[in-house]
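Chemist: Take the given structure of chain A and dock chain B to it, following the hints.
Residue strings, one per chain:
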Amino acid sequence: MNPGTPAIKVEDLHKSFDQLEVLKGIDFEVGLGEVVCVVGPSGSGKSTLLRCINRLEEPTAGHIFIEGEDITDPDADVDMLRSKIGMVFQSFNLFPHLSVLRNLTIAQRRVRKRSTAEAKDVASRNLERVGLIEKIDAYPAHLSGGQQQRVAIARALSMEPDMMLFDEPTSALDPELVGEVLAVMRSLANEGMTMMVVTHEMGFAREVANRVVFMDDGVIVEEAAPKEFFGNPRSERLKTFLSQVL
Amino acid sequence: MTHVEPSQRPGESTDSPGAPPPPKRRLTPRQRARLFRGTLYAVLILFVVAAAVVADFATIQRAFFNPDIAARMWPAVLTEGARNTVVYTATSFAFGLTLGLVLALMKLSSVAPYRWIATGYIELFRGLPALVTIIFVGFGIPIAFGVNIPGGFLGKATLGLGLVAAAYMAETIRAGIQAVPKGQMEAARSLGMTRSWAMVSIVIPQAFRIIIPPLTNELVLLIKDTSLLFVLGTTVGSKELTKFGRDLMSSTFNGTPLLVIALAYLAITLPLTQLVAALERRQARAR
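Going down the list, the protein sequences come from chains A and B. Residue numbering for the first sequence follows my numbering, starting at 1 and increasing by one per position. Residue numbering for the second sequence follows my numbering, starting at 1001 and increasing by one per position.
One chain only, chain B, in its complex shape:
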């Protein structure tokens, strides 16, 4: 780029013999900022133009925006797909939260073996892919012990996802409990409350206030993880959104169902992530 300092006249020779060394052509900070922004815009426009030229809009429209197929998915995408996704998320969240709370309390226990068990559990299930846990619950346990998980597909889904969720939530809850000032427990004990009652009525309620945003984030992760449940195989009416969309993709040989379920996922997750952001703003203000 050839921005020129105002003091330097263009065309002036800078390498004539005996002349002082040429002054460095330096941009003022404002010029540099303007140049940087201009470059960013130029790159953006280049990409947009390239995409517009290269893209085959007719094909894209045929593959992903077929209104007939989208219309045919209605209302099953809601009454079956979205409904099941929400149900599996809710049951595994409830299971995970309960087990996670137990694990968090174990991890804070004064009895060392409880701490070891909780740590082992958390490290195990956070270290494994969720898919492996789901396969273990859906096929490993039935093959090994000849027993089926009660509750059919819902039972397997709840257990498979819930076991993993519990490991993550245990750490969140533990952090929440530890974030409650020590004085709260001391004040409760100084009034004669037992340790466990003080925990239940004073510490845990405050811990949950602190961890509502991260717990909501874990809910969002769980919603997305329900898409892994396809490995369990499905019975009529048990398909969650991803399986629902995938099956329709194969039967219609078209990508539209994928777009529809993507929008359905976003319709569920975006309000939740917005909620998290709002809650975090509120907490930041309350501090």
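So here's chain A without its partners, still in its complex pose:
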């Protein structure tokens, strides 16, 4: 990969569900080590865009390049691609029938072909990173929402991905648990992880993002550095949105 190649590059992406066009031509990039926050009203297509990037949704038209490789190519190795992209879901989606350790090792062993000991090593390291090493033998049902989401982040990190996608990672959390998850994400950003975050946390976007993208009605309306984005919004739609959420 050339040093200049963006981590994620999206070209004229369209996605329709039956008659409903959710994405109406999206073009944008996430550079290596960049943290991009995507904000916008619900139903604007933010999550769909994120889910197209690791092909949880099939794009209707357009191209997506991950590290320069076109993943919309029918011959692309989607499983390989996905293992390079960590994904964190709004509803955590931990595997409830497996312990925290097994949640973190099952894909490592199967996809990365790591030995049990090696996988456990990696898992422990990532649980330390999110501050939950003492929960290694617990089951998801015994964790709080914030803890579950931190374990989900550790699970994604255990695949040693090149970039991380976050789909409204704090939206399902009680307000008092949001902070611990954002703290983990902030430290990830500081370590230089490439991140694309769909979020309603404007404070996080302002503080951590290199760039903030505003989506509305299936298109990117405006994107800018946080200072510019929040301090000097240009479009009426963004002004209205910001006045509603801030």
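Do not take every clue at face value.
[What the hints assert, rightly or not] Using 30 Å as the maximum straight-line C-alpha spacing, the simulated DSS-like pairs for lysine-lysine come out as follows:
1) A:Lys-24 <-> A:Lys-113
2) A:Lys-9 <-> B:Lys-1224
3) A:Lys-24 <-> A:Lys-227
4) A:Lys-113 <-> B:Lys-1182
5) B:Lys-1182 <-> A:Lys-24
6) B:Lys-1182 <-> A:Lys-120
7) A:Lys-84 <-> A:Lys-113
8) A:Lys-120 <-> A:Lys-84
9) B:Lys-1224 <-> A:Lys-84
Don't read these hints as lab results, they were simulated from the structure. Given the structure is predicted, the values throughout are model-derived calculations rather than measurements.
Modeler: What follows is chain B alone, placed relative to chain A:
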């Protein structure tokens, strides 16, 4: 019934000319409830008394509670009858579960013909009486193709009951798989797992947790359906409980064996239905 409102004095004439229309005799809700319960008890007592008067206890005792015959059934009722019932249930359950899982996955397949085949199978075997399937396996196939089902009586029993059980279990398993939240498959795929591996290691284990109660219910139904196996004809040592009891009824000309095997069935099925109830309570609490 002549319950009287406290305000109305008994004996007071209500149809004297010029008097206001009689107040409706209405019961308070509590009075009505008491009256209803009283009626229920009265009907019950009536039936019990009638049964006690009409019943011929001596005959009943002779026909169904003959201790000599019951004693003679021991221990064969367990070592042959109950044992075979349990064995036929276990083998056909295992066969049905395996085939049912395959059918459930076919029914969820993205390849349409697989779905059609699975749907056709399920509708066919759920629509036919189990007895017809058993006769088909035991006699239809051997007559038509000149081949016998391998495994003798056990083989026919397993196949006959298992084919039917698979149809019911396929629907249960499919429902279980669909009850696993979609996010589970997505999370597994997002970690790079293939669809089939995610199914095997993430979705199916959770589906089976969900369907343990209905599967246990199907096990109970299967236990009872083993009583249909008598149509296959029996060899020495292959009788399940019902056939075992029926043969003894004809040879002793007495109903006691029927009572004994009924108790044997209950000894097997009641713990299982209790288990289902306990599992369902536990699941309800876990939600």
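Chemist: Work down the list of hints and note, for each, if the structure agrees.
Modeler: Status of each hint after checking the structure:
1. A:Lys-24 <-> A:Lys-113: 39 Å, violated
2. A:Lys-9 <-> B:Lys-1224: 63 Å, violated
3. A:Lys-24 <-> A:Lys-227: Distance ~27 Å between A:Lys-24 and A:Lys-227 Cα, so the pair holds.
4. A:Lys-113 <-> B:Lys-1182: 26 Å, holds
5. B:Lys-1182 <-> A:Lys-24: 26 Å, holds
6. B:Lys-1182 <-> A:Lys-120: 27 Å, holds
7. A:Lys-84 <-> A:Lys-113: Roughly 14 Å separates the two Cα atoms, so the pair holds.
8. A:Lys-120 <-> A:Lys-84: Holds: A:Lys-120 and A:Lys-84 sit about 19 Å apart, inside 30 Å.
9. B:Lys-1224 <-> A:Lys-84: Violated. B:Lys-1224 to A:Lys-84 sits at ~53 Å, over the 30 Å cutoff.
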